[in-house]
Amino acid sequence: MINRIFIILLVLVLVTVSVCSLSLVNIMIFHGEEYQSKATEQQLYDTRITAERGTIYDRNGEILATSAPVWTVFVTPNAVAKIDDSNKREQIKNKICEGLSSILEIEKSEIEEKLGKTKTYYVAIKQKVENDVAQKIRTFLTDNKDLGLSAYIGLDQTTKRYYTNDNLASTVLGFVGNDNQGLSGIELKYDDQLTGTPGRIVAAKNALGTDMPFTYEKKIDAKAGNSVYLTIDEYIQYVTEKYLADAVESNKVGERGAALVMNVKTAEILAMAVKGDFNPNEYLKLSKQDQATVDAITDTTEKNKKLKELQNKQWRNKNISDPYEPGSVFKVITESIGIEEGFVNLNSSFNCTGTIFVAGQKYNCHKKGGHGVQNLTQATQNSCNPFFISLGQTIGVSTFSKYFNAFGLNEKTGIDLPGEATSQYHSEKNMGPTELASSSFGQTFKITPIQLITALAATVNGGKLLSPHIVKKIVDTDGNVIKNYDTTVKRQVISKQTSDTVCQILESVVDGGGGKNAYAAGYRIGGKTGTSQKVAEMLASGKSGLYVASFVGFAPMDDPEIAVLVLLDEPHGSNYYGGTISAPVGGQILSEVLPYLGVEPQYTAEQSKYLQVSVPDVKGKTLSQAKSELSALSLGYRVVGKGDTIVKQLPASTQTIYKNGIVILYTDKDEEIQKAQVPNLKGMSISEVNSTAVSAGFNVTFKGNIKTSSGVVSYMQSVEPGTELDKGSVIEVYFRSQETGDISLVD
Amino acid sequence: MNNIKYYDDSLAYNFELFMPAQKRQADVISMPDNRKKTSSKKRAKAKSSSPTIKGIVVAIVSVTLLCLMLFLRSQVGEKQSKINAIEKQISTAKSEEIRLNVALERMYSYQNLEQKASSLGMSKPGKSQIVYVRCNDKDKAITLDGERFAENN
Chain W
1 MINRIFIILL
11 VLVLVTVSVC
21 SLSLVNIMIF
31 HGEEYQSKAT
41 EQQLYDTRIT
51 AERGTIYDRN
61 GEILATSAPV
71 WTVFVTPNAV
81 AKIDDSNKRE
91 QIKNKICEGL
101 SSILEIEKSE
111 IEEKLGKTKT
121 YYVAIKQKVE
131 NDVAQKIRTF
141 LTDNKDLGLS
151 AYIGLDQTTK
161 RYYTNDNLAS
171 TVLGFVGNDN
181 QGLSGIELKY
191 DDQLTGTPGR
201 IVAAKNALGT
211 DMPFTYEKKI
221 DAKAGNSVYL
231 TIDEYIQYVT
241 EKYLADAVES
251 NKVGERGAAL
261 VMNVKTAEIL
271 AMAVKGDFNP
281 NEYLKLSKQD
291 QATVDAITDT
301 TEKNKKLKEL
311 QNKQWRNKNI
321 SDPYEPGSVF
331 KVITESIGIE
341 EGFVNLNSSF
351 NCTGTIFVAG
361 QKYNCHKKGG
371 HGVQNLTQAT
381 QNSCNPFFIS
391 LGQTIGVSTF
401 SKYFNAFGLN
411 EKTGIDLPGE
421 ATSQYHSEKN
431 MGPTELASSS
441 FGQTFKITPI
451 QLITALAATV
461 NGGKLLSPHI
471 VKKIVDTDGN
481 VIKNYDTTVK
491 RQVISKQTSD
501 TVCQILESVV
511 DGGGGKNAYA
521 AGYRIGGKTG
531 TSQKVAEMLA
541 SGKSGLYVAS
551 FVGFAPMDDP
561 EIAVLVLLDE
571 PHGSNYYGGT
581 ISAPVGGQIL
591 SEVLPYLGVE
601 PQYTAEQSKY
611 LQVSVPDVKG
621 KTLSQAKSEL
631 SALSLGYRVV
641 GKGDTIVKQL
651 PASTQTIYKN
661 GIVILYTDKD
671 EEIQKAQVPN
681 LKGMSISEVN
691 STAVSAGFNV
701 TFKGNIKTSS
711 GVVSYMQSVE
721 PGTELDKGSV
731 IEVYFRSQET
741 GDISLVD
Chain B
748 MNNIKYYDDS
758 LAYNFELFMP
768 AQKRQADVIS
778 MPDNRKKTSS
788 KKRAKAKSSS
798 PTIKGIVVAI
808 VSVTLLCLML
818 FLRSQVGEKQ
828 SKINAIEKQI
838 STAKSEEIRL
848 NVALERMYSY
858 QNLEQKASSL
868 GMSKPGKSQI
878 VYVRCNDKDK
888 AITLDGERFA
898 ENN
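Protein sequence lines, in the order shown, are assigned to chains W and B. According to my numbering, the first sequence is numbered sequentially starting from 1. According to my numbering, the second sequence is numbered sequentially starting from 748.
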C-alpha cells in the first residue's frame with residue numbers, strides 16, 4: 001500500500017517536474033528572445049543618442065555640409081488630458097497654445113488640434129528648431145513654472161544638416177532626410193561613413209514605470225561619423241556655377257545646363273555643376289518657375305504627380321545621370337582614332353562639297369556649298385561633318401567600336417556618386433555604315449557628360465584613360481586618414497604622340513576655329529564646340545529646334561591640366577550654337593580658374609593692345625602732377641571740386657583699367673562721391689563699349705573673345721544696367737563672335 | 748518486515764523497538780569542571796552585557812555605513828546631474844557655434860563677397876596688384892623687391 005502511494009507520488013512528481021522542465025525549455029529556448037525583449041522593455045528605459053553626422057569638406061578643407069544639435073519641440077496631450085481640475089486643464093492648454101504659437105510662429109489652431117490627441121503621449125509641434133528658439137521655449141517654461149508646463153512641453157535633441165553655401169554643388173552633395181539618412185549625392189553614397197554609430201542610455205525603470213537615472217544606468221556615447229573630403233574646389237565650383245547660371249538664364253535653356261571641371265592628369269573633379277538645381281537646406285522647395293507650373297494645375301492628383309516629377313528633376317545630377325548625344329565635340333575622339341591608327345595626319349587633305357552619301361543616305365555639312373579642300377586641322381576648326389563621316393568610314397566599324405570601348409564609352413565610369421547612367425550606343429554587330437557615319441560626328445548614340453570628359457581627358461593627357469573620382473579622402477573624428485582615393489589608370493588608349501597632335505589641333509580650334517569664343521587673353525586654350533540635335537526627342541514630341549549646345553576646353557595647351565565641359569540643353573534664346581553660347585562659358589571659367597591655380601598669363605603683342613593699365617596713386621599730389629601722370633599712361637581724368645590737391649581718386653590706385661579709361665579726381669574733402677547709373681553695354685563693339693562707359697563716367701575691362709576687334713560684340717557685363725554706382729568704378733564686359741559652324745545635322 | 752529482528756530464535760518479535768527510548772549513560776563522558784567560581788561570575792556578567800555593546804557597535808557601524816552610502820550615492824547623483832547639465836550646455840553651445848559658423852560662412856561666401864565688391868565698384872586685382880611677400884619672421888613681411896634691395900646693399 002505504502003509502496004503504491006510512493007510510486008504514485010513519484011510519478012506525480014516526475015510528471016510535474018517534466019511539465020515544468022518542458023515549459024522552461026519552451027520559454028527559455030523556443031521563446032527566450034521574445035520574453036527577454038519583453039522583460040527588457042518592461043524593466044529598462046532605452047534612449048537612443050543620435051550620432052553627429054560627419055562633415056563634408058572641399059579639397060581645401062572648406063566646409064560644404066555640416067551637422068549641429070537642434071531640438072524638436074513636443075507636447076504630451078495625454079498628460080494634459082489627465083489633469084483632473086478642468087479649469088486648470090483649460091488654463092494650461094491655453095497657455096501652451098499661446099506660448100508655442102508665438103515662439104514657433106505656428107497657428108494656434110494647429111497646436112490645439114495636436115493637443116486634442118489625448119491618447120497620445122508624444123506629439124511633435126516643430127522639428128529641428130535652432131538654439132535661439134529652443135532657448136525661448138526654456139525661458140517660457142521657467143516663466144510658467146507655477147503651472148508646471150515642463151510636464152507638458154519638452155525639447156528632444158536631434159541634429160540638423162547645414163549646407164553652408166545653399167545651392168553650391170547641391171547635386172553633388174545631395175541631401176539628408178528627416179532622420180539624417182543620406183538620400184542622394186555624396187550624402188547617399190557615403191552614408192555609412194558619414195552616419196556614425198548612435199549611442200544609448202539604458203536605465204532601469206521602477207515599479208511605476210519611471211526611470212531611475214543614476215541608480216541603474218549605462219551610457220554608451222555616440223560615435224560621430226567620419227568626414228569626407230571632396231576633390232571639388234569651392235572657388236572653382238563657385239566660378240563654374242556662376243557662369244553656367246548666367247548662360248542658362250540668358251539663353252533661356254529649357255532642360256537645364258551642366259558643367260564639369262576636371263584635372264586631366266588625375267581625373268579629380270574640381271567642379272560639377274547643374275543649373276537649375278536646388279537648395280539642399282530646403283530640398284523639397286521648387287524654383288519659382290517650377291512652383292508656378294505646379295500651382296497652375298488644379299487637379300490634385302496631377303498636381304502631386306507634377307510636383308514629384310519636378311522635384312526629382314531638380315535633384316538629378318545631369319552630369320552623371322542624363323546621357324545625351326554629344327555631337328561635334330565627339331569628333332575629337334574620331335580624330336584621335338584616325339591619327340592613332342594612321343588613317344589621317346596633319347597633312348591629310350579632304351574636299352568638302354557640302355554633302356556626302358553613305359549607303360544611299362545623304363549627310364549635309366552645316367556649311368552649304370561645303371568647306372572645299374581642307375586639312376585635318378582646318379576640318380576640325382570648321383567642324384566639317386563630311387570630313388569626319390569620311391574618316392569614320394575609313395576607320396571602319398570594328399576599329400571604331402574597339403576604340404569606343406577603349407575610351408570607356410560603353411561602360412559606367414564608376415565615379416563615386418550614386419545614379420550613374422549607362423550609355424546607349426550601337427554595338428559592333430548592330431553597327432552598319434550609316435550608324436558608323438552618324439556616330440563619327442557624335443549623333444545617334446548617347447553618353448553621359450562624365451563619360452565624355454573622361455574620354456576626352458585621355459586624348460590630351462598623353463593617352464591614359466583614368467577613373468574619375470570626386471572624393472579625395474575620408475578622415476575620422478580624430479583627424480586620422482582612413483582612406484585615400486588616388487588616381488587609377490584604367491588603360492593607355494592612344495599614344496603620347498597622338499595626344500600631342502590632338503592638343504595642337506584643339507588649340508587651333510580656339511585660336512581661329514569654331515571655339516574662338518572660349519579665348520582668354522594670355523592663356524593657351526584648346527577645345528571643341530558642338531551643337532547636337534535631339535533627334536529622338538524631336539521625333540517623340542513632334543517639336544523642332546531641340547539642340548544641345550556644348551563646348552569642351554583644355555588648358556594650358558603646352559601641358560594640359562584642366563578640362564572644362566559645358567552643355568546647355570535646349571537653349572531657346574537668339575542663338576543655340578555651342579560655339580556662340582557654350583564656348584564663352586568655358587572661356588570665362590578657364591580665365592578665372594587658371595590664374596587661381598597659379599597659371600601665369602603670357603600676353604602676345606596683339607593681346608597687349610587690350611591690356612589694362614594700373615591706376616597710379618595720385619592722392620596728395622597737385623592737380624597738374626596728377627594730370628601729367630595719368631596722361632603718360634593714356635588715362636583720361638575728370639576733376640571734381642575747386643581745390644588744387646587731390647584728396648580722393650576713383651578708381652583707387654593699383655586697380656587695373658582699360659588704357660583709355662578715366663580717373664575721377666576729387667580736390668575738395670567735403671565733395672560727395674559722384675554717382676551715376678550704369679549704362680547698357682551689351683551688343684556693342686569694343687570701341688563702342690569703351691566710349692559709352694567713359695562718357696557715363698565708368699571704366700571697363702574686356703573679357704572673352706577680344707583676340708580681334710572685328711566681328712565681336714559684347715554680350716554680358718559684371719554690373720547690370722541701371723545700377724547706381726560710384727563714378728570711376730570698373731565694369732567687366734564680355735565679348736564673343738557671332739560666327740557659328742559646329743552643328744551636327746542628321747537628315 | 749525490517750523491524751522484525753530475530754534477536755532470539757525463541758522470540759517472534761523484538762519488543763524493544765516499542766519500548767520508550769532510554770538515555771544511554773555509557774555514551775556520555777562527563778568532563779571535570781576546573782573553572783573558578785569567581786570567573787564564572789564575571790563571565791555571566793560579561794555574557795549579559797557584551798551582546799548589547801556589540802549590537803550597538805554593529806548598529807552604529809551599519810548606520811554610519813548606510814549614511815555614508817546614501818551620502819555617496821547622493822553625491823554621485825548630484826555630480827551626475829551636474830555632468831548632464833554641463834553636457835547639455837556643451838551641446839547647446841556647440842549648436843550655437845556651428846549655427847554662427849554657418850552664418851559666417853554664408854556671409855563670406857564668394858557670391859556675397861563678389862556682389863558686395865561689385866556694388867562698391869571694385870574689380871578683381873590684376874597681375875600688377877599682386878605683391879608677393881615673405882613671412883619668415885613672426886610679424887614681419889618683406890616684399891621680394893625689398894629683400895633684393897637689402898641684399899644689394
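Treat the hints as calculated values from the structure; they're not laboratory data. Please read these numbers as outputs of a predicted model, since none were measured by experiment. All C-beta atoms, glycine included, are put in the ideal place defined by N, C-alpha and C. Just to be clear, a hint being listed does not mean it is correct.
[What the hints assert, rightly or not] Just a few of them, taken from the derived set where beta-carbon distance is under 8 Å, the chain B residues facing chain W:
#1 839
#2 846
#3 853
#4 854
#5 886
(request) Determine which of the earlier numbered hints do not hold for this structure and return their numbers in increasing order. (result) Going through the list in order, the structure violates hints 4, 5 and respects the others.
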